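Undergrad: Input sequences plus hints: build the corresponding full structure.
As given, the protein sequences belong to chains U and G, one line each in that order.
First residue of the first sequence? That's 0 in numbering that gives the first Met the number 0, and the numbers climb one at a time after it.
First residue of the second sequence? That's 0 in numbering that gives the first Met the number 0, and the numbers climb one at a time after it.
Derived by calculation from the structure, the hints in this document are not laboratory data.
Just so we're clear, the structure is a prediction, and the values are computed from it rather than from any experiment.
We put the beta carbon where it would ideally sit given N, CA and C, even for glycine.
Only some residues are given here: those of chain G computed to face chain U with a beta carbon under 8 Å: (1) Pro68; (2) Glu72; (3) Tyr121; (4) Ser126.
These stretches of chain G come out as covered by chain U in the derived footprint (C-beta under 8 Å, 3 or more residues): (5) 55-64; (6) 97-104; (7) 147-157.
Protein chains: 2
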Amino acid sequence: MTSSDIFAEIQKKNSFLCVGLDPVIEKIPRQLQREEDPVFSFNKAIIDATIDHAVAYKPNLAFYEALGPGGWETLQKTLEYLPSEVFTIADAKRGDIGNTSTLYAKAFFEQMDFDAITIAPYMGEDSVRPFLAFDGKWAIVLALTSNQGSQDFQLIDNSDGKPLFASVVEKSKTWGTAQNMMYVVGATRGSHIENVRALVPDHFLLVPGVGAQGGSLEEVARFGMNAQCGLLVNSSRGILYASSDSDFAVAAKKEAQSLQGAMEELLSRYLT
Amino acid sequence: MTSSDIFAEIQKKNSFLCVGLDPVIEKIPRQLQREEDPVFSFNKAIIDATIDHAVAYKPNLAFYEALGPGGWETLQKTLEYLPSEVFTIADAKRGDIGNTSTLYAKAFFEQMDFDAITIAPYMGEDSVRPFLAFDGKWAIVLALTSNQGSQDFQLIDNSDGKPLFASVVEKSKTWGTAQNMMYVVGATRGSHIENVRALVPDHFLLVPGVGAQGGSLEEVARFGMNAQCGLLVNSSRGILYASSDSDFAVAAKKEAQSLQGAMEELLSRYLT
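TA: If you want it as structure tokens, here you go:
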């Protein structure tokens, strides 16, 4: 998928919403627990409820690996259920030496047919490059995450006074292009989005942390939007567990619709 | 498993060898390709051939994920085949925000019964701590890896003139103890092993990069050994593909035996 394809979908739906498919078996409404594959049934219902308002879907691998080997089947079925026009992200935070990263890339881009995978950059260039060798596929590199622990290393200043996350973006952007790389930037501080946007004016940013993790959607759009929108903002728990009852899909739809409404307004205000 | 258990096995076998179970389907000898699960048959033969000389086994997850859902079954069977006295490491390089890391920990410590998992530290404290909450289980944090890309970020000096990998060790060692944390330190430079050993005198270090990646076993022992040995040195390709022919198991045994012999000599020289 190209960035133009993603932007076309954003314009069609007036939304830059990414839905995080992070299903926790205990939180799945009781009426689905009797199904053959409750997690898949839940994902299907969430996808049906949100597909009009979301341009991307992001299953987090941990939630599937915790289910054992069957979890991978559930993930595969979920991926196959998603229509081809939405952007699919394996939130796997992989990264290893070259030949090993190549195998991870094959797992997510060939064995499965994800459009993108998230990458932890700690191991450097040869851990990221293998993910850039697949036509139409994307590596989404962690720059600044939205959790408390992001302060431990990502914000350490180097001897030039530059935080590690800025070094990660500056160095890694030379390994690929705005057509095969994106960055994860948490929404917890608008100034960070502004910093990263200055370093990569054309790249898409994947932004977690709006909602449950406390970031402001308006700030993200103000500091992060570019001519192709350039933003995918993720919501997981806020949508998945909008209701824990039999009306969960209706509640999820309402939540996605509300986010889409806010995004439509921000697109009309900030799209340059 | 406790560090004393690991040390007892080291003393019993006069070895601190870890065998990396990184099977590539194309490289598996022809006679096994006809088996129902060629990768499991290969792993089994490698384990049988090396079990007298190895104290730890480290399957790299990428090699199993690349096989699709069946790869997880193969991994599970391999883990179950390993005798309980050897230390088992899921080389998965995981790490995510707290609740997600908890799920990864459950996947590897509960769904499967690994003793340890490797962790990428980029996301900081809350991404590592969940792995420390399981009795007798270990988090093995990447400090300094042995690949070319380790130079991109791990060796960046911070404003105090300290490289990132040293900050990672110094900060993260306060999150756990020498009874539930180890560090990955590449063998490419003895001085790095010396630096890390000074920061964590009592922790075990997992050392890749001896052999194919060019490090020297003697330097690793000289700079890294402590009173409990404190070292697990990994070899993958050198053992797995010692021969690509029907004598692969014999060749693997010979290679493991030769490494064990060198390790026995180093234990007698450097064990303090």
